[in-house]
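A.B. asks: Next come the chains, spelled out residue by residue.
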Amino acid sequence: MMNGSSNSDDIVVKCVDIHKSFGSNHVLKGIDLQVKASEVLCIIGPSGSGKSTLLRCINYLETPDSGDIIVHNQRIGVYTKKNGQRAPLPGPELAKQRRRLGMVFQHFNLFPHMTVLGNLIEAPVGVRGLSKADARALARDLLAKVGLGDREDAYPAQLSGGQKQRVAIARALAMGPEVMLFDEPTSALDPEIVGEVLEVMRFLSTEGMTMLVVTHEMSFVRDVADRVVFMDEGCVVETGTPQEILLAPKVARTAQFLERLL
Amino acid sequence: MNMSRAVDGAELLVPYELRPDRSARYFARIVGKWLLRLAIFVLAIMALHLLITSDTIEWHVVAQYLTAPAILQGVITTLVLTAIAMIIGILLGGLLALMRLSNSLLLNGVTSLYLWFFRGTPLLVQILFWYNLASFIKRISIGIPFGPSFISWNTNDLISPLTAAILALGLNQAAYMCEIVRAGILGVDEGQLEASAALGMTSSRAFRRIVLPQAMRIIIPPTSNNAIGLLKDSSLVSVISMTELLYAVQQVYSRTFQTIPLLIVASIWYLMMTTVTSIGQYYIERHYGRGTRRDQRLSAVARITVMFRKNLLSVVKVG
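Top to bottom, those sequences are chains B and S.
One rule links them: number in the numbering used here = place in the first sequence (from 1) + 871.
One rule links them: number in the numbering used here = place in the second sequence (from 1) + 295.
Worth flagging that the hints you see were computed from the coordinates, not collected in a lab.
Because the structure is a prediction, the values reported are computed rather than measured.
Glycine is no exception: its CB is placed at the ideal position from the N, C-alpha and C atoms.
You may find that some hints are simply not true.
Claimed, not checked - Label pairs and their in silico Cβ distance ranges: (1) P1062/B - E485/S: 26 to 32 Å; (2) L402/S - T951/B: 55 to 61 Å; (3) S1031/B - M341/S: 32 to 38 Å; (4) P1062/B - A478/S: 33 to 39 Å; (5) N520/S - Y950/B: 44 to 50 Å; (6) D1024/B - Y577/S: 20 to 26 Å; (7) D881/B - S499/S: 34 to 40 Å; (8) N944/B - S444/S: 36 to 42 Å; (9) L402/S - N944/B: 38 to 44 Å; (10) T934/B - N520/S: 25 to 31 Å; (11) P440/S - K953/B: 49 to 55 Å.
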């Protein structure tokens, strides 16, 4: 942040000692992470390093085996019973918490049976309780923002990959999230299309959106990220500014990874 | 641009000369094509000739009974029977599918047992079984299990040919519908559920608004197929004297011995009903196919018009 002092109110997302295993495969081995308001935090690392799993743990698409996810002082997915024991939050309560976390997927996951506008108003009307008229107005604003103001009646199958991903970003924004989680948003796109999606994300960062981005796009990391986390084998290896991590990594593994990438 | 000289291997760019094919193989193919057409034409004429001139068919009898009140009553019964059995099949089948997809071992087991029995025994046996339920279970009552009962019926009063037919066809259909619905739900990409969850939808909302409409696209074609199958299989209940279309027809020809004309009457009605079902299927599929194609599809009528226009044009050209 601009002023070095960070009090706890500044922190939007806090991960404390997150562990996750799939069978005998220990994917996350105690991850600690903090994201401050308006910060763009990029997570990089080789495939299989657990970065996507970490992101999916934050909105509880994966349930962590242990550890806490705290968003604005509220614990996600778990509550403390009167006797002090922890218990998983019931589905509808978890659903309420998830509204605060927008998520963008590698494969877009647009609803194919709805138009672009339908995709954008589905959750605001059905979940957030906006009137249809308000939701439409909001959706049109967001579509204009991502440069697709003229495609509201198209079905996802009629859009290019880059357009689909921009719709997906607008759809997540329509819920008014406090944080946006991007899970390799450009990995499924043709190289010449990647730019239009990154452009939208860059624009979001200038608007002050708090963003957690798992990505392989080093140009985006260099230009937009406030902080970079390098993960390998389920651990955070190194954290720092883009300059520190990309140009002068302290750990050999980070240097190796970056070398292979370039 | 004179590219043919500029590039290596430019001879490839020289315009390809289309010479008319005059080989023996070409003519053999043409002759073969016309011989095949001739054969099919002759066979069609023969079939038509048989249909029109045959003494056993007696078209005036067909015409006479096609709209006879007894036959029409049979048609209506067949339709009602099919509709009720299909509704039971879809509702119960959907419930069974959800039970099968649940994590509960008990519900899974119950469903498996149901499918095992109803798919593993012939429909005809099931029809006879339900019809003869009374000799197996004497009374049916509502009350406390193994305790006192509040209301009680004689099974014989409950099981008429109609209820036996509805039970047999509906419960059997449910077993098949269960698998169709299950396949449809499993066919929806898991990412759809994740996206719904990430947007804060509850799982029931995601199922209703996101999963089910997409599953329908997969569910509809085999369901229509089953509906057509059920429409025809409903003729099996003629064995328990249920007066649907086939039994109505049988009652007439057992009296008049005009077997063939009356079976043709039945066939004409079955064909008409299955045709209408197929047309209905087309429009339902079109509805649930929204967004799956890049180009908007024309309706059936429009497509047939286009087809005719094209073919007419080509015929005109050839002629």
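A.B. asks: State, for the Cβ atoms of T934/B and N520/S, whether the hinted interval 25 to 31 Å holds or is violated.
C.D. replies: violated, 40 Å
A.B. asks: Please check whether N520/S and Y950/B have a Cβ separation lying inside 44 to 50 Å.
C.D. replies: holds, 49 Å
A.B. asks: Taking the CB of N944/B and the CB of S444/S, does the distance hold inside 36 to 42 Å?
C.D. replies: violated, 59 Å
A.B. asks: A range of 26 to 32 Å was offered for this pair. Does it hold for the Cβ distance of P1062/B and E485/S?
C.D. replies: Holds: the Cβ-Cβ distance is about 27 Å, inside 26 to 32 Å.
A.B. asks: Assuming the hint says 49 to 55 Å, is it satisfied by the Cβ distance from P440/S to K953/B or not?
C.D. replies: violated, 39 Å
A.B. asks: Using the beta carbons of D881/B and S499/S, state whether their distance is inside 34 to 40 Å or not.
C.D. replies: holds, 37 Å
A.B. asks: Using the C-beta atoms of D1024/B and Y577/S, is the stated range 20 to 26 Å upheld?
C.D. replies: holds, 24 Å
A.B. asks: Kindly confirm whether 32 to 38 Å is satisfied by the beta carbon distance between S1031/B and M341/S.
C.D. replies: violated, 57 Å
A.B. asks: Range first: 33 to 39 Å. Now tell me if the beta carbons of P1062/B and A478/S are that far apart.
C.D. replies: holds, 37 Å
A.B. asks: Tell me if the beta carbons of L402/S and N944/B are separated by a distance inside 38 to 44 Å.
C.D. replies: The hinted range 38 to 44 Å holds for L402/S and N944/B, with Cβ atoms some 40 Å apart.
A.B. asks: Taking the Cβ atom of L402/S and the Cβ atom of T951/B, is their distance within the range 55 to 61 Å?
C.D. replies: violated, 32 Å
Of the numbered hints stated above, those contradicted by the structure are hints 2, 3, 8, 10 and 11, listed in ascending order.
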